[in-house]
Each structure stands twice: as structure tokens, then as C-alpha cells.
Amino acid sequence: MARFMTLAEAMKETLSDGDSVAFEGFTHLIPHAAAHEAIRQGKTDLTLIRMTPDVIYDQMIGMGMARRLVFSYAGNPGVGLLRRLRDAVENGWPRKLEIEEHSHAAMANAYEAGASGLPMAVFRGYKGAGLAKVNPNIKSVTCPFTGEVLAAVPALRPDLGVIHAQKANRQGDVLIEGIVGVQKEVVLAAKRSVVTVEEVVEDFADVHPNACVLPRWTISAIAVVPGGAHPSYAQGYYGRDNPSYLEWDGIAADRDRFRAWMETNVLQAKPEDFADRVAMLEKRP
Amino acid sequence: MARFMTLAEAMKETLSDGDSVAFEGFTHLIPHAAAHEAIRQGKTDLTLIRMTPDVIYDQMIGMGMARRLVFSYAGNPGVGLLRRLRDAVENGWPRKLEIEEHSHAAMANAYEAGASGLPMAVFRGYKGAGLAKVNPNIKSVTCPFTGEVLAAVPALRPDLGVIHAQKANRQGDVLIEGIVGVQKEVVLAAKRSVVTVEEVVEDFADVHPNACVLPRWTISAIAVVPGGAHPSYAQGYYGRDNPSYLEWDGIAADRDRFRAWMETNVLQAKPEDFADRVAMLEKRP
Amino acid sequence: MTTPSFSRDEMMTIAAARALGNDDVCFVGIGAPSAACNVARLTHAPNITLIYESGTIGTAPSVLPLSIGDGELCETAVTTVSVPEMFRYWLQGGRVTIGFLGAAQLDRFGNINTTVIGDYDTPTVRLPGGGGAPEIASSCGRIFITMKQSRRGMVETIDFVTSFGHGTGQGDRRALGLDTRGPTLLITDLAIWKSDPETGEFVVSSLHPGATRQAVVETCGWTARFADAVEDTPAPSELELTTLRDLKARTAKAHGASGGSDS
Amino acid sequence: MTTPSFSRDEMMTIAAARALGNDDVCFVGIGAPSAACNVARLTHAPNITLIYESGTIGTAPSVLPLSIGDGELCETAVTTVSVPEMFRYWLQGGRVTIGFLGAAQLDRFGNINTTVIGDYDTPTVRLPGGGGAPEIASSCGRIFITMKQSRRGMVETIDFVTSFGHGTGQGDRRALGLDTRGPTLLITDLAIWKSDPETGEFVVSSLHPGATRQAVVETCGWTARFADAVEDTPAPSELELTTLRDLKARTAKAHGASGGSDS
Chain A
0 MARFMTLAEA MKETLSDGDS VAFEGFTHLI PHAAAHEAIR QGKTDLTLIR MTPDVIYDQM
60 IGMGMARRLV FSYAGNPGVG LLRRLRDAVE NGWPRKLEIE EHSHAAMANA YEAGASGLPM
120 AVFRGYKGAG LAKVNPNIKS VTCPFTGEVL AAVPALRPDL GVIHAQKANR QGDVLIEGIV
180 GVQKEVVLAA KRSVVTVEEV VEDFADVHPN ACVLPRWTIS AIAVVPGGAH PSYAQGYYGR
240 DNPSYLEWDG IAADRDRFRA WMETNVLQAK PEDFADRVAM LEKRP
Chain B
0 MARFMTLAEA MKETLSDGDS VAFEGFTHLI PHAAAHEAIR QGKTDLTLIR MTPDVIYDQM
60 IGMGMARRLV FSYAGNPGVG LLRRLRDAVE NGWPRKLEIE EHSHAAMANA YEAGASGLPM
120 AVFRGYKGAG LAKVNPNIKS VTCPFTGEVL AAVPALRPDL GVIHAQKANR QGDVLIEGIV
180 GVQKEVVLAA KRSVVTVEEV VEDFADVHPN ACVLPRWTIS AIAVVPGGAH PSYAQGYYGR
240 DNPSYLEWDG IAADRDRFRA WMETNVLQAK PEDFADRVAM LEKRP
Chain C
0 MTTPSFSRDE MMTIAAARAL GNDDVCFVGI GAPSAACNVA RLTHAPNITL IYESGTIGTA
60 PSVLPLSIGD GELCETAVTT VSVPEMFRYW LQGGRVTIGF LGAAQLDRFG NINTTVIGDY
120 DTPTVRLPGG GGAPEIASSC GRIFITMKQS RRGMVETIDF VTSFGHGTGQ GDRRALGLDT
180 RGPTLLITDL AIWKSDPETG EFVVSSLHPG ATRQAVVETC GWTARFADAV EDTPAPSELE
240 LTTLRDLKAR TAKAHGASGG SDS
Chain D
0 MTTPSFSRDE MMTIAAARAL GNDDVCFVGI GAPSAACNVA RLTHAPNITL IYESGTIGTA
60 PSVLPLSIGD GELCETAVTT VSVPEMFRYW LQGGRVTIGF LGAAQLDRFG NINTTVIGDY
120 DTPTVRLPGG GGAPEIASSC GRIFITMKQS RRGMVETIDF VTSFGHGTGQ GDRRALGLDT
180 RGPTLLITDL AIWKSDPETG EFVVSSLHPG ATRQAVVETC GWTARFADAV EDTPAPSELE
240 LTTLRDLKAR TAKAHGASGG SDS
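One line per chain: the protein sequences are A, B, C and D, in this order. So for the first sequence, numbering that gives the first Met the number 0 puts the first residue at 0; every next one is plus one. So for the second sequence, numbering that gives the first Met the number 0 puts the first residue at 0; every next one is plus one. So for the third sequence, numbering that gives the first Met the number 0 puts the first residue at 0; every next one is plus one. So for the fourth sequence, numbering that gives the first Met the number 0 puts the first residue at 0; every next one is plus one.
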């Protein structure tokens with residue numbers, strides 16, 4: 000049952016060293032504030048799971064928090080490569096990073112299977128693809144009706160799922176609108192879940208009946224963090240801060256500059272700072 | 000690409016004798032008008048597919064149009080048994096009816112697999128259930144990661160899928176709201192599709208971004224039939240006509256009364272009659 | 000013979016309502032007592048989550064639906080999802096604590112038949128079938144069964160296993176790989192039966208006001224077992240009875256005189 | 000040397016746009032030329048359906064997105080679905096006629112690498128990876144590839160098969176059970192290449208204005224083959240060029256000077 004608490008309390012209660020955790024968001028609604036809180040709390044030995052690890056995972060990997068990464072596309076969206084991730088994979092800095100690499104279809108299906116309580120996802124994929132040769136978690140099943148060989152991957156069931164959403168109501172139900180990505184699935188697939196929201200409203204009385212709503216009893220903790228997706232965006236609240244994504248490319252290119260930036264902007268910062276960061280951004284419809 | 004046409008044209012173009020066809024709707028938005036048009040056109044040797052065959056399939060079976068029925072719950076919702084269906088199964092009247100019986104979970108998964116282009120659906124089901132012993136289309140696959148044995152059923156890929164929806168826009172996109180059932184899946188799973196709608200609007204400009212919308216290029220034909228779900232209901236348009244469901248129990252109880260009722264209310268009726276039938280029903284919010 | 004101030008049906012519904020709690024997530028399938036679920040919601044369990052298989056989650060109807068897909072269910076729900084999602088994410092996902100099932104035939108181990116009377120291929124009576132029941136029975140945390148007692152319904156051997164209870168006794172579920180508890184409670188118009196943790200059999204644990212052991216035995220097709228200490232089911236409270244009757248009255252008014260069916 | 004009135008980049012984008020039709024359903028993955036898709040939509044193919052893997056279907060952005068999940072894509076879409084649904088119902092469902100892919104490394108058979116340069120376990124350069132590409136390559140009706148020509152990009156042998164094209168030649172797709180056509184078109188800044196139906200190899204079928212055979216050969220890491228009759232790609236029309244430049248200008252204005260990246 001969803002409990003409202005501070006972001007610091009939420010991450011402390013739900014995330015432990017050694018856990019597998021998915022901070023999900025598909026360009027939209029990326030939970031930056033929650034990731035920064037995890038960084039401040041110095042969590043370590045994490046297995047990071049995400050379809051599109053971008054800036055926040057670059058930051059966590061650069062801080063040496065990750066033992067393993069499960070992913071399908073590791074890029075800075077609209078910009079290019081992730082330089083901290085590359086440094087970890089190519090040079091083992093600041094520590095060696097194990098990777099388990101999939102395709103988007105596999106990851107999306109694996110979250111769907113996790114939400115569905117299944118041990119595996121079955122789909123038509125990886126035909127002729129090199130990943131099937133290097134990832135032992137890509138197997139197959141044969142259709143007993145047609146004989147077709149289909150791909151199978153293990154369901155994703157993270158210890159913790161973390162997402163950012165537009166709003167919660169007072170009862171703790173959470174509403175996600177626009178590009179909803181795999182956010183519903185990651186919360187349902189995870190053993191525990193944290194949702195940061197832009198605001199709390201009295202109720203969702205006027206919401207569309209088929210909108211993406213997570214009932215309160217599917218969520219562990221809710222923290223109100225206005226601007227908590229910055230520099231990602233929250234439809235209806237603020238637009239994407241594109242210059243910040245571009246700036247990251249330069250910051251992450253150098254180990255010292257990275258460390259200094261993290262010290263100032265993450266370690267010495269607070270969840271409340273996110274509201275200021277989006278104050279000047281265009282409000283999106 | 001969706002083409003607007005009369006219901007008579009739509010059913011003539013898309014449904015042939017011997018086809019497999021799913022007229023879907025889960026209590027809400029049941030395509031009565033389209034089913035009646037198929038009856039008037041005297042289609043025969045059909046394989047009827049539906050999770051919850053109710054009055055319309057009782058009618059089609061009673062008229063001898065069905066060779067085979069694939070289903071998971073055959074009842075008159077809120078009332079009881081389907082008497083024409085029983086007569087066909089128990090007594091072979093007016094013709095013998097083959098049945099392939101599943102659970103709801105199996106049918107829902109099988110539509111989902113059909114929409115997903117997969118040959119089969121995999122789920123955790125039929126444990127200890129008698130249907131697994133009498134239905135040869137219930138098989139299993141073994142998870143290569145955990146060894147768990149899961150149920151497998153063939154994907155549903157009807158020749159034709161028929162649904163009723165609230166509205167289309169001028170381009171032919173279709174909006175379904177409220178209890179959406181398996182309607183999206185059946186259209187995506189079927190080779191051809193017919194959608195009857197309450198009305199056509201200029202555009203969906205104000206619709207929720209995550210509402211259930213079928214793009215025009217997924218639909219074969221759209222026919223405007225106000226009231227076309229009667230005595231089922233269309234959220235936002237008219238409520239369920241409960242007395243008609245109760246009345247059906249008496250009509251279907253007797254072969255002659257059934258035939259007479261069908262002659263008057265279906266064979267001699269037109270799609271336009273549905274608008275009158277819902278005129279007096281309470282408008283639902 | 001005194002005229003009781005409540006009917007056996009009312010007692011059955013209220014006894015079922017009492018078995019539900021605030022934290023329960025309850026799957027209300029076709030034929031199940033949505034009256035009981037809604038009485039619980041309107042009395043001691045205001046935060047109970049009711050799910051109907053039509054896709055409505057966290058619904059709070061002011062009148063009882065005539066079908067599992069009435070518009071009122073959607074209008075009052077926290078969210079309404081597609082039917083494939085309902086069966087995949089919500090039921091199979093293991094999120095439902097209690098599944099309510101009815102039965103045309105029931106045996107002492109909680110195995111249920113709603114498929115056919117007689118042989119499957121040449122049935123005497125073709126019943127509606129299982130609907131969601133096969134997977135409700137396996138995926139929900141616990142299963143509650145409600146039915147009126149009769150020798151035709153509570154039988155030694157059911158004609159067809161629509162949904163699996165405890166098979167031929169405790170251990171059979173685990174042998175099938177099921178880690179849910181299966182049928183734990185049977186609420187009839189005469190008594191409350193609980194599943195014996197040793198044998199998996201239903202055992203009478205409580206008799207409703209006015210019901211006798213003899214009445215239970217005579218209306219049960221298997222040899223009824225009674226707990227060492229059989230309790231007395233408390234009579235419906237004023238609040239319970241008023242809530243149920245108001246609900247039924249609102250339902251009758253909304254749907255016409257025919258309203259109020261639970262299926 | 001004359002100064003052309005258009006750049007090679009512009010020619011590449013416009014040539015790609017021309018290959019798209021009104022009835023196409025186009026999957027615009029990461030790194031793919033959404034500029035080309037949107038120029039097609041704004042010129043000869045107003046009814047083309049553009050799908051971005053973030054879940055937006057039938058989107059019509061007025062400026063180019065910086066990422067595949069920009070808000071503008073959702074705001075202008077016919078509908079926005081979840082990412083699992085996108086990959087199950089829409090891509091795997093076989094509804095996409097054309098998938099656009101880019102490549103870090105490409106071979107003559109349309110096999111693509113966007114995963115690693117060097118060995119997979121000890122890479123020289125760790126690239127972003129495949130994202131949707133492995134299943135885009137197998138599920139879409141046809142695959143169009145766009146990239147600037149270079150010997151580093153168009154290579155004899157790619158280091159890793161991120162997405163499968165024609166393997167080592169025609170027939171390899173069918174052997175894998177693939178009944179989609181795979182890469183049929185390669186559009187570079189110098190030429191249009193088409194897949195040879197016999198061998199599965201890319202063959203130059205048309206040279207862009209100002210591009211020479213020699214330039215194509217020198218910027219291609221495999222031995223370039225030319226069709227018997229190599230055509231001349233028509234220069235961009237006034238409308239095409241204006242449409243593309245207006246789109247880029249709107250994009251730059253909306254996103255700032257840095258705007259307009261296709262990925």
C-alpha cells in the first residue's frame with residue numbers, strides 16, 4: 000500500500016546494496032531526482048536494469064555504484080554515446096561493469112512477463128542477431144502447434160522499480176500520461192516500487208477511464224518531487240531541457256570534470272532543487 | 000485502410016461462408032447490428048469465436064449458421080443459460096455444433112498472441128482443469144530458465160473480426176472507451192475487420208493520448224449504425240437494455256417462438272432500426 | 000416456527016462479506032456474490048479493492064451490476080484495463096488475494112463444476128462453462144466459494160473439474176506446482192465450512208442461526224464433517240442487514256424489479 | 000568546382016523521403032532519418048504513418064524530435080501506446096511496411112553493427128547497442144538504410160551483427176524462417192543502392208548529382224558493384240528543398256541552435 004514519504008526515506012527503505020533496480024522512463028518521465036538520491040545514499044553493488052540507460056545510469060556507473068547492467072540501448076538521447084559507461088566497459092573505470100545486453104523487444108517483453116508473473120517472455124526475435132551468441136540468457140522455445148522456434152528471455156523482476164509520474168491522488172493512486180513507456184510494467188514487475196510525482200491532487204475524478212493508473216496497492220512509496228524528471232520532461236508540466244543533455248556530453252568526457260560536477264550538482268544537492276531547475280522551462284501542453 | 004460503407008456492404012465484402020469470425024464485446028459494445036446483418040445475409044458454416052457468446056451467438060447458432068464455436072463462457076449475462084446453444088449441443092438442433100472450449104485467460108491470451116503475430120499464447124493456466132483433458136488445442140511449453148511447465152494455446156487469427164465502437168473520425172480512426180474488452184486485440188488479430196460506430200466526428204482532437212484508438216489502416220470497413228450495440232450498451236450513448244436480456248430467455252426457450260422472433264426482429268428488420276431501439280434508454284455518462 | 004428477521008440468503012451474503020478485509024483485493028467473477036463484496040465495502044472494509052474480470056479495478060458501484068461488465072463498474076473504477084491485461088498483469092500477476100467462485104456442482108475438496116452435467120461430449124445439461132474460473136482458482140491467494148446447500152449441488156463426485164480445488168486432498172495442489180492456497184472457505188445458506196489443513200476437506204466450522212446439523216447433513220451430497228467445536232454464526236447486525244437491503248433496493252430501482260442478480 | 004544549391008546531406012535525406020509512399024507505415028527507430036520521413040509526409044506522402052518506438056503511432060511533428068520520445072510526437076499522434084504493446088502488437092504484429100535503420104558499420108549484404116567496434120567482450124569502442132534494430136530488421140516488410148559513405152562505415156566484414164540483413168547472401172533470411180524482405184535500399188550521401196534479388200548484395204542503381212563512380216568506390220570499404228544502367232538521382236525539387244529547410248529551421252528555433260539531430 001502506497002505510503003507518502005520523503006524521497007530520502009523512500010530510497011532508504013526500498014533500496015539496499017546488492018539489489019537489482021530499474022529506474023525506468025522512455026525519454027519522458029525519467030526519474031532523475033530518485034537516481035540522485037540513490038547516489039547521495041551511496042548505494043553500491045547494484046544491478047542496474049533499463050531499456051535505455053542514459054544520463055542517470057552514466058552517473059551511477061561513473062560513481063562506481065553498479066556491478067552489472069542489463070540494457071538494450073545505451074546512449075545519450077539526441078546526443079550520442081555515454082562516456083562514463085564506455086569508460087567502465089572499455090577501461091574498467093571506476094570498476095569493472097558486467098553487462099547483459101538485449102534488444103528493446105526482449106526487454107519490453109521481459110518487463111511484460113515480469114508484470115504478468117511469468118518466468119519468461121516468448122517473442123519472435125533475435126533472428127540472426129549477434130546478441131543471441133554472446134548473451135546466455137537468450138534461449139528459445141518451440142511452438143507445439145506450428146514448430147516455429149521463438150526467442151525466450153527471463154522475465155525481469157527487479158528488487159526495486161523506480162519511476163516518475165505526473166500525479167498521485169490523496170489515496171496514493173498514480174496517474175501516468177503521454178509516452179508511458181514500460182513504467183506500469185516495471186512497477187508491477189518489481190518486488191518494491193518508488194514513484195516520484197510532480198504533485199498530489201485530491202482525486203482523479205475527471206480522468207479518462209482507460210488512462211494509465213497504478214492503484215495505490217501496487218506501489219510501496221510515493222515522494223512528491225516537483226521537477227523530479229529534469230532534464231527529462233513531464234508532459235503537462237515542463238519540456239525537455241535539451242541543453243543539459245548536450246552539456247552532459249562534455250561533463251562525462253572527463254573523469255575529473257565528472258567528479259566535480261557530481262559533487263556540486265548531486266552530492267551537495269537536494270530533491271527540492273529540482274523544482275528550481277524546471278522553473279524556467281516551457282510548459283508543455 | 001478503413002472505408003466507410005453501409006453495414007450490408009461491409010458484411011458482404013468481408014464475410015464468406017466457412018469463415019472464422021469473432022463478433023467481440025465484453026458485455027459492453029456488443030455488435031448486435033452487425034450480427035443481425037450477417038444473419039440476414041444467410042452466412043453459413045461459420046466458425047464463431049468469442050470469449051462470451053451470448054444473445055447474438057445464441058441467435059446465429061439457432062439459425063444454423065455455425066459449424067463450430069470457440070468460446071470460454073456461454074451465458075446470457077445476468078440471466079442464465081443460452082437455450083439455443085444448449086439445444087445445439089445437447090440435441091444437435093438445428094445442426095450439430097462442434098465446440099472448442101477454453102478458459103477466459105486462454106482466450107484473452109490467444110487474442111493477444113494473434114494481435115502480436117505469434118503462433119501461440121503462453122500463460123500459467125489450466126492447472127488441474129478438466130478442459131486440458133478434452134481440448135487437444137491445450138498444450139504446454141517448458142520454460143528453459145526455470146523448468147516450469149506453462150500452458151500453450153494456438154493464437155486466435157479470425158478471418159474476420161467485428162466490433163462496435165463509440166466513434167470514428169473522418170479519417171477512419173476508431174475510438175473505444177470504457178470497458179474495452181478484447182476489441183483492440185480482435186481487430187489486430189483478424190485478417191479483416193468491420194467496425195460499427197455510433198457516430199462519425201470531425202477529429203479526436205481532445206481525446207486522451209493513451210485512449211484506445213485503432214488507426215484507420217488497421218480496419219477494413221466502418222459502418223455508422225447508431226444504437227448498433229442494443230440491447231448491450233455504449234458508454235456515453237445509452238445504457239444496457241436489461242429487460243431485453245431477460246426477455247431473450249423466454250424467446251430462446253422455444254424453437255418456434257425463436258424462429259418467429261427472428262423473422263420479425265432480424266430478418267425483416269434493418270440496421271437503421273437500432274437507433275429507435277435505444278432512443279428511450281437512459282443516456283449513460 | 001418463528002419468522003426470522005432475515006433470510007437464509009441474507010445470512011449467506013453477510014457471512015461471506017465478513018470474511019473479507021480492508022486490504023483484500025477481490026476478484027469478482029461471473030456468478031460470484033458481488034453483493035457480499037459490496038456489503039463488505041459498505042460496512043467494515045471501505046478500502047477493499049474489487050476487481051471484475053471485465054477490466055474494472057477498484058470499482059465501487061452504488062447498485063449491484065447485472066453483469067460483470069456493467070457501465071457503473073467502469074464509471075466508479077480507479078482504472079479500467081483491457082481483458083488481456085486483466086488476466087495477465089492482474090490475475091496471473093498474483094495480485095489478487097481472494098477469488099470468489101460459485102458452483103453448479105462442488106465436491107468436499109473444493110473442486111468445482113460449471114461446465115456440463117453428464118458426459119462432456121454428450122452432456123445432459125450444457126452449463127455456461129468456466130469463464131475465468133480455472134485461472135482464478137489457481138492464481139488467487141485464497142478461494143471463497145458460496146452456494147446454497149443442496150444434494151444436487153454438493154456432490155460426492157463432480158461430473159467435470161472446471162476449476163481445481165484440492166483435487167483428492169491436501170498435497171495435490173503442490174504436486175501441480177500451485178503455491179496458492181486454493182479453496183479455504185465455503186459459505187452456504189446454512190453454515191460456514193473451512194478447509195481442513197490436513198486433508199483439504201471442507202469441515203463445518205459454524206452454523207448459521209436456526210440451522211441444524213441435521214439440515215446441513217440432509218442438504219449435502221457427501222458425508223458432512225463437523226469441527227470439534229462448531230461455532231454459532233452471529234446473526235446479521237442491524238448495519239449489515241440495512242446495508243444489504245438498501246443495496247438491493249437501490250439495485251431493484253435502477254434495474255427494474257428483475258434487478259439484483261449476482262451474476 | 001560549382002557550389003551546389005543543396006548539400007549532400009540534403010540530397011541523402013530527400014532521396015530517402017522519395018522512397019516512402021502514402022500507404023507506408025514507417026518505423027522510425029533511434030538513429031533513423033526522421034527528417035526523411037517527415038519530408039515525405041510534408042510533400043508527396045501526407046498520409047504516411049510514422050511510428051516511433053516510444054509508442055507514438057501516426058505522429059506528425061511540426062519540428063524534428065531530438066529523441067524518439069519527445070513530447071511533440073505524443074501530442075500529434077493518433078494514439079500513444081505502451082512500449083511492450085509497441086513491440087508486440089505493432090512491430091512483431093507485422094504491421095510496419097518500412098523500417099529505417101542507421102549503421103555504425105554496414106556490410107554489402109545489409110548486415111548492421113551498432114554494438115561494438117572490436118571484440119564484444121573487450122571492445123575498442125562500446126557503441127550504444129541495437130535498441131529496436133534486431134527485431135525491426137526482421138519484422139518490417141522492408142528495411143531502408145541511410146548513412147554517409149565512408150570506408151570506416153561501409154566495411155567488408157562488420158565486427159558484430161547487431162541486426163541481420165541478408166547474412167552472406169540471398170536465401171539466408173529464409174533459412175532463418177524470415178519471410179520479410181530485409182534491406183532493399185541503401186541511401187547514402189552519394190548514391191542509391193538496391194539489393195540484388197539474386198545475391199542480396201547492394202548494387203549502386205543511381206548516382207546523386209555531382210557524385211562520381213570513383214567517389215563511391217573510394218568511400219566504400221567493399222568492392223562496389225554498379226547496376227548495368229546506373230541512373231541519375233534527380234536533384235531536389237524546390238518544394239523538397241524548401242520543405243526540408245523549413246523543417247530544419249523550425250527545429251533549430253524550437254530546440255535551440257543545437258537542434259535537428261535525427262537520433
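One or more hints might be untrue.
[What the hints assert, rightly or not] Dumping the calculated EDC-like pairs for lysine to aspartate or glutamate here, alpha-carbon to alpha-carbon at most 16 Å: (1) B:126 x C:231; (2) A:138 x A:89; (3) A:138 x B:205; (4) A:132 x D:178; (5) B:138 x A:147; (6) C:252 x B:240; (7) D:193 x D:245; (8) A:95 x A:44; (9) C:193 x C:231; (10) B:132 x C:120; (11) A:132 x D:158; (12) A:132 x D:120; (13) B:132 x C:178; (14) A:126 x D:227; (15) A:95 x D:120; (16) A:126 x D:171; (17) B:138 x B:198; (18) D:252 x A:202; (19) B:126 x C:171; (20) B:132 x C:158; (21) B:95 x C:120; (22) B:11 x B:158; (23) A:166 x A:202.
Everything labelled a hint here was simulated from the structure, so no lab data went into it.
So, going through the hints one by one against the coordinates:
no., hint, in the structure
1, B:126 x C:231, "violated, 36 Å"
2, A:138 x A:89, "violated, 27 Å"
3, A:138 x B:205, "violated, 44 Å"
4, A:132 x D:178, "violated, 22 Å"
5, B:138 x A:147, "holds, 15 Å"
6, C:252 x B:240, "holds, 14 Å"
7, D:193 x D:245, "violated, 30 Å"
8, A:95 x A:44, "holds, 11 Å"
9, C:193 x C:231, "holds, 14 Å"
10, B:132 x C:120, "holds, 12 Å"
11, A:132 x D:158, "holds, 13 Å"
12, A:132 x D:120, "holds, 12 Å"
13, B:132 x C:178, "violated, 22 Å"
14, A:126 x D:227, "violated, 33 Å"
15, A:95 x D:120, "holds, 12 Å"
16, A:126 x D:171, "holds, 11 Å"
17, B:138 x B:198, "violated, 43 Å"
18, D:252 x A:202, "violated, 38 Å"
19, B:126 x C:171, "holds, 11 Å"
20, B:132 x C:158, "holds, 13 Å"
21, B:95 x C:120, "holds, 12 Å"
22, B:11 x B:158, "holds, 14 Å"
23, A:166 x A:202, "holds, 10 Å"
Checked against the numbered hints listed earlier, the structure breaks hints 1, 2, 3, 4, 7, 13, 14, 17 and 18; every other hint is satisfied.
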